[in-house]
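Here are the chains, one letter per residue:
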Amino acid sequence: MHDMSAHAVGHGAPTSFIRKHVFSIDHKVIGKQYYALALVAAVVGMFLSWLMRIHLGWGSFAIPGLHLLSSSGAPGDVMTPEYYLQLMTMHGTIMVFFVLTTAPFAAFGNFFLPIQTGAEDMPFPHFNMMSFWVTFVAFMVMVAAFFVPDGPSLGGWTQYAPLSAIGAVGGPGQGWGVVFWAASIGIFCIGQLLGSLNFITTTLDMRCKGMSLMRLPISAWGWFITSVMGLTAFAVLMPACILLILDHVAGTSFFVPTGLVIGDHVLPHSGGSTLLWQHLFWFFGHPEVYIAIVPGMGIVSHVLITNMRRPMLSHRVLIYSMAALAVLSYMVYGHHMFVSGMNPVSSLAFSFPTLVITIPSTIIVLIWLGSLYGSKLRINSASLFSLGFVSMFISGGVSGFFLAQPSLDIMLHATYFVVGHFHLVMGVAAMFGIFAGTYFWFPKMTGRMMSETLGKAHFILSFIGAYCIFMPFHYLGIAGNVRRYQAFTDDYLIPLVPVHKFITIAALVTGFAQLIFIYNLIYSRFKGAHAPNDNPWQGTSLEWSTATPPPHNNFGATMPIVYHDPYQYSVEGAAADYIMQTSTEKVHSPDEEK
Amino acid sequence: MATTIHEPPKIDLDRLPGDGSGNGWRNLVPSDGDMRLVKDSSPPPASTGIWVGLAAITMTFAAFTSALVVRQGNSTDWHHFTLPPILYFNSLIIIASSVTLDMARRRMAAFMSSAKSQAGAPAGLLYVTLALGLVFVAGQTWAWLQLKSQGFGLASNISYSFFYVLTVTHAVHVLGGLGGLVRVIWKLNNLGLKRSTLNATSLYWHFMGALWLYLLLLLWMKL
Chain A
1 MHDMSAHAVG
11 HGAPTSFIRK
21 HVFSIDHKVI
31 GKQYYALALV
41 AAVVGMFLSW
51 LMRIHLGWGS
61 FAIPGLHLLS
71 SSGAPGDVMT
81 PEYYLQLMTM
91 HGTIMVFFVL
101 TTAPFAAFGN
111 FFLPIQTGAE
121 DMPFPHFNMM
131 SFWVTFVAFM
141 VMVAAFFVPD
151 GPSLGGWTQY
161 APLSAIGAVG
171 GPGQGWGVVF
181 WAASIGIFCI
191 GQLLGSLNFI
201 TTTLDMRCKG
211 MSLMRLPISA
221 WGWFITSVMG
231 LTAFAVLMPA
241 CILLILDHVA
251 GTSFFVPTGL
261 VIGDHVLPHS
271 GGSTLLWQHL
281 FWFFGHPEVY
291 IAIVPGMGIV
301 SHVLITNMRR
311 PMLSHRVLIY
321 SMAALAVLSY
331 MVYGHHMFVS
341 GMNPVSSLAF
351 SFPTLVITIP
361 STIIVLIWLG
371 SLYGSKLRIN
381 SASLFSLGFV
391 SMFISGGVSG
401 FFLAQPSLDI
411 MLHATYFVVG
421 HFHLVMGVAA
431 MFGIFAGTYF
441 WFPKMTGRMM
451 SETLGKAHFI
461 LSFIGAYCIF
471 MPFHYLGIAG
481 NVRRYQAFTD
491 DYLIPLVPVH
501 KFITIAALVT
511 GFAQLIFIYN
521 LIYSRFKGAH
531 APNDNPWQGT
541 SLEWSTATPP
551 PHNNFGATMP
561 IVYHDPYQYS
571 VEGAAADYIM
581 QTSTEKVHSP
591 DEEK
Chain B
1001 MATTIHEPPK
1011 IDLDRLPGDG
1021 SGNGWRNLVP
1031 SDGDMRLVKD
1041 SSPPPASTGI
1051 WVGLAAITMT
1061 FAAFTSALVV
1071 RQGNSTDWHH
1081 FTLPPILYFN
1091 SLIIIASSVT
1101 LDMARRRMAA
1111 FMSSAKSQAG
1121 APAGLLYVTL
1131 ALGLVFVAGQ
1141 TWAWLQLKSQ
1151 GFGLASNISY
1161 SFFYVLTVTH
1171 AVHVLGGLGG
1181 LVRVIWKLNN
1191 LGLKRSTLNA
1201 TSLYWHFMGA
1211 LWLYLLLLLW
1221 MKL
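These protein sequences, in sequence, are chains A and B. Residue 594, in the working numbering, is where the first sequence stops; the numbers in between run on with no holes. Residue 1223, in the working numbering, is where the second sequence stops; the numbers in between run on with no holes.
Treat the hints with care, since some could be wrong.
[Unchecked claim] A few chain A residues that face chain B, going by a derived Cβ cut-off under 7 Å, partial list only:
(1) Leu197
(2) Thr201
(3) Leu204
(4) Thr232
(5) Gly251
(6) Ser270
(7) Ser273
(8) Leu276
[Claimed, not checked] From chain A, some residues computed to sit far from chain B (all C-beta separations above 12 Å):
(9) Ser71
(10) Gly171
(11) Leu328
(12) Pro344
(13) Val345
(14) Leu348
(15) Leu377
(16) Phe463
(17) Ala479
(18) Leu493
(19) Pro495
(20) Ile516
(21) Gly556
Don't read these hints as lab results, they were simulated from the structure. As the structure is a prediction and not an experimental result, all values here were calculated from the model. Note that the Cβ used here is the ideal one computed from N, Cα and C, for glycine as well.
Using the sequences provided together with the hints, build the complete structure.
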C-alpha cells in the first residue's frame, strides 16, 4: 500500500450533522441518499401500479380512501378513466427516472465507483452533492403534480405531442400537470448530467496506481458506459423539455400543428411538428433503456463472478459488448416510431440496427450462461437475484426480436405485448439487479449482513410473481389487448378480463413480497448480524480491501496499489481461491502460459 | 501446461514520475513483475471534466439545431427576418474577449513557470475579459429588447421562438463562464489558482465564443 497520508482526501471529514448526513459531499453518503430516494420512489410507483391493476381487474371496485388522493379523479373512491391514465403516467415516469435510473446507476455507482477505481472521492464533490439534491427537487416537483388543479398529466411517460403541448384543453392534468412533468424531468436531467460528469472523470482520471482500464471491475465499466450514455442522452431530453414548457407557458408552436381542433375550438398554435417531440424524446428514450439495464449487467456480472469463484469467459468481450450496446442504442431509437407513419425506408433503416443490437446482447447472455455452466455457484440472495436478472433479461429480450421487425411491430405496438416486453427486459431485470447489488454490497455499506433466509424468500416470491405478472401480458398482446385502456368492454376483450384479474392478484402478492425486502433492509441496518470481516464474500476488487464501512477517504492513510486483474479466482498455487487486486502474492499468468 | 510464477512487483516510489507521490500519474504495474512503468500523463480532473461538460453542451445545442432544422423543414409559416445588427458587434466583442483571455493565460503560464514575477498584468487582462463578457451579455439583451420593441416576442413566430431560445440559452452559458472568470480572479488574488483551473475556464470561454459564431451562422442562414 502506498502511504498517502500526506495527500489525504481533498476535503476533510465533516463534523456537523448537516454536512455529514444532509448536504454531504462524500460520494458514499450521496450514494446512500440516492438509494433512499429510489426506495421511496419505488414504493410510490408500485403503489400506483396496484391502484391501476385493481381498476383493470375490477373497474367498479371502490378503493377505500382513494378520493383523498384526488376527489375529482376518484369520486366515491372509484377512479375515472382520466385518473387511471394519470396514475399510469406517474407510475411510468417515477419508475423509469427515479427508480431504474437512480438506483443502479446513481446510488450504487456513487458509492462504489470511486472505491473500485481506487479514488478518494469524485473529482467534483460539490457537483456531486448538487446532483443528488437537484434530483431530489425533481422528484418533489413530480410528486407535487398530484396536488395541482386537475392533478398530474395523463399523457404517459413518453408525453407524446400534440396532447402534451396543447394545455388544459387536452384533458385533466394537461395544463399544469404537464408543466410540472416537464420541469421535473428537465431538472432531473441537470442532476444526471452533473452525476455523469463526475462518473466519467472519476473513471478516466482518478484511478489509483496500477488500475488500468481493463483492471476495472465489470461493475465499474457498467457505470462508466452508462455515464457516457447519460451525458449525451439527458443533454438532449433537457432542451426537449424546455421547448415543451414554452409551448405551454409562452404560446410557442414547436410541437402543435396548424388547425388542431379540440372541443370545437381551433387552437391558436400553428405549424408545429408532432413528430419532432418523438424524435427528441426517443433519441433520449432508447439509450435510457440501456441506462437502466447496463449498470445491472455490470452489477450481476460482478456478483456472479464472486459467487462462481471464476472470471467470466471473456472479460474484454463482455465490456466491449456493453459498450456496443451503448453505441447502437443511439441508432435504433426510430423503432419506437414504426407506427408514426414514417417512410418505410426509414423503418428499414431503424430495423436493421435494432436487429444488430441483439448481437452484443446475445454475446453478453452467452458469456453469462457459458461462465455459469459447470461452475459451483454459491447460492445466496445476491447470486439468486443475479440469476433472476439473467432469466428476466433473456425472457424480455426474446420478445424484442419480434418487435424489431416493423411488420410485426405494427400489429403488436399498441398492445400489452410491448408492456410485457419492456417490463421484463428493462423493469424487472433492472430491479433484480438492484436487489442483487443490495444483498451483495449491504455488508460493505453498513457493516451488517442482511438475512439470507428472508432474502431467499424474497427472491422466490419475486421471481415467480414477476413471471406471473408479465408473461401473460405477451399472451394478451397477441390476442389484441390494447394497452393504455382503463377498461375492457369490447366483445373480443371481455374474455381476457380473467387474465387481468389473475395478473392483478399476482401483482398484489408480489408487491407485498417486497415488504419482506424492506423489512430485511431496515431490520438488518440496525439489528442485523455484524459482517464477519471486511470481505465476507471473499471478493477481489478494491471495495473488499478497505475497512467496513469505508473511511471518509475510502482507504485511510494508505491508498491502494493494484497488481492484478479484477477477478483472480481459483488461481493455481495461490494461498486461497482468490487473489485480491491489491495483493502482492505470486500469481500464475495465463497469458504467459500461452 | 507450463506454469509460470512471477515475483510480485516491487514499487520504488522514488522512481515514480511527477512529484514522487504519483499524483496526476498512473503507473501500470503489471502483475507479471515487469517493472516497466507505463507513464500515463493523466490530466488533472478539471481538464477532463471541462471536455465532458463541453460534450454535454454540444449535445444540447445539437438537439436545438436539429429541432430548428426539422421544424423549419415542415413549416409553412416560417417568418424570415433580419438579425439585429448589434449581434455582429457582440460577435466582435466575444472574439476580443477570447483574445484577451488567452493573453492572460499565456502570461499566467509564464508567471507560474517563474519566467516572470509579476501577476498584475494577467489579472488586468482577466478584468478586461470579464468586462467584455458583460458587454456581450448586455449586447444580447439589447438585441432582445430591440426585437421586443418592434413587436416580435417569443411567440410571434416560430423563427423568433428559435432565436430567443438559442440566444438566451447561450447567454445563460456565457453567464456561467463569467462566474468561472470571477472565480479565477478571486483565486488569483488569493494565490490559490491552479493552472488547470485557468486552462479549463479558458477552454470553456473559447468554446462559448466558437459556439456563438456557430449560432450566428445558423441564425443568419435559417432566420
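For this session: Just pull the numbers of the violated hints for me, sorted ascending.
Result: none
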